[in-house]
Amino acid sequence: EAGVAQSPRYKIIEKRQSVAFWCNPISGHATLYWYQQILGQGPKLLIQFQNNGVVDDSQLPKDRFSAERLKGVDSTLKIQPAKLEDSAMYLCASSLATNTEAFFGQGTRLTVV
Amino acid sequence: GEDVEQSLFLSVREGDSSVINCTYTDSSSTYLYWYKQEPGAGLQLLTYIFSNMDMKQDQRLTVLLNKKDKHLSLRIADTQTGDSAIYFCAERPNSGYSTLTFGKGTMLLVSP
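Respectively, the protein sequence lines represent chains A and F. Just so it is clear: in the first sequence, position 66 is 66 by the numbering used here, and no numbers are missing. Just so it is clear: in the second sequence, position 43 is 43 by the numbering used here, and no numbers are missing.
Next comes chain A alone, as it looks inside the complex (with noise of 0.2 Å):
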């Protein structure tokens, strides 16, 4: 079975640009995680969706960062504008439901200068 895709696998801005990050989970999966790692720490939640209904973004910095699932599917991360205090692994994870195992996908490394 594919596991999850994320692309790009690298990505290098300047502060105040704008970038987007895309997520396709495993198949039949109804829920998707984005988590932020910050380089030296483990991840951290950012949003959680059930199907294509956001069911926790409490940690999302919603001045500068959105997310979407639509069709509840895919999913893309924005960031605009960015901070270099942005720079992180954005690592997208999905799962069956809420309550089973979570798999993640190979992450963005993002490195804004």
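Since the hints were derived computationally from the structure, they do not count as laboratory data. Check before you lean on any hint, since a few could be wrong.
[To be verified] Example chain A residues on the side facing chain F (calculated, C-beta under 10 Å, incomplete):
{"no.": "1", "residue": "3"}
{"no.": "2", "residue": "4"}
{"no.": "3", "residue": "6"}
{"no.": "4", "residue": "31"}
{"no.": "5", "residue": "35"}
{"no.": "6", "residue": "37"}
{"no.": "7", "residue": "42"}
{"no.": "8", "residue": "55"}
{"no.": "9", "residue": "92"}
{"no.": "10", "residue": "99"}
{"no.": "11", "residue": "102"}
{"no.": "12", "residue": "104"}
{"no.": "13", "residue": "105"}
{"no.": "14", "residue": "106"}
[Unchecked claim] Derived lysine-lysine pairs resembling DSSO-like cross-links, with alpha carbons at most 27 Å apart:
{"no.": "15", "chain 1": "A", "residue 1": "44", "chain 2": "F", "residue 2": "67"}
{"no.": "16", "chain 1": "A", "residue 1": "71", "chain 2": "A", "residue 2": "44"}
{"no.": "17", "chain 1": "A", "residue 1": "62", "chain 2": "A", "residue 2": "15"}
{"no.": "18", "chain 1": "F", "residue 1": "104", "chain 2": "A", "residue 2": "44"}
{"no.": "19", "chain 1": "F", "residue 1": "104", "chain 2": "A", "residue 2": "62"}
By construction, the Cβ of each residue, glycine as well, lies at the ideal position given by its N, Cα and C atoms.
Starting from the known structure of chain A, arrange chain F on it as the hints suggest.
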């Protein structure tokens, strides 16, 4: 809220056993996970245990859970150089739309 703590670094020789420790704080029934992350890559799910279990074994991996102390350990038998990576402990309460809370990770370095 949940809080997960891990030791930061472990160094072992190839062929030895490795034991990575983790403590968690959630008081309700919970799932506890171990993930492996190689440099520049995503997280790979290794194994998980529910908080009503004491132990789970899967090939070279053994998970031990001390519910009283909220202490979780991952033992890797016959550690290989390919096991060098960062290992994350994560907790997910067994309730509603719960989410994973991760520790900061333990870097395992296996020397030949």
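Results for each hint:
no., hint, verdict
1, 3, "holds, 9 Å"
2, 4, "holds, 8 Å"
3, 6, "holds, 8 Å"
4, 31, "holds, 9 Å"
5, 35, "holds, 8 Å"
6, 37, "holds, 9 Å"
7, 42, "holds, 3 Å"
8, 55, "holds, 4 Å"
9, 92, "holds, 9 Å"
10, 99, "holds, 7 Å"
11, 102, "holds, 6 Å"
12, 104, "holds, 4 Å"
13, 105, "holds, 5 Å"
14, 106, "holds, 4 Å"
15, 44/A to 67/F, "holds, 25 Å"
16, 71/A to 44/A, "holds, 25 Å"
17, 62/A to 15/A, "holds, 17 Å"
18, 104/F to 44/A, "holds, 10 Å"
19, 104/F to 62/A, "holds, 25 Å"
Consistency with the previously given hints is maintained throughout, with no hint failing.
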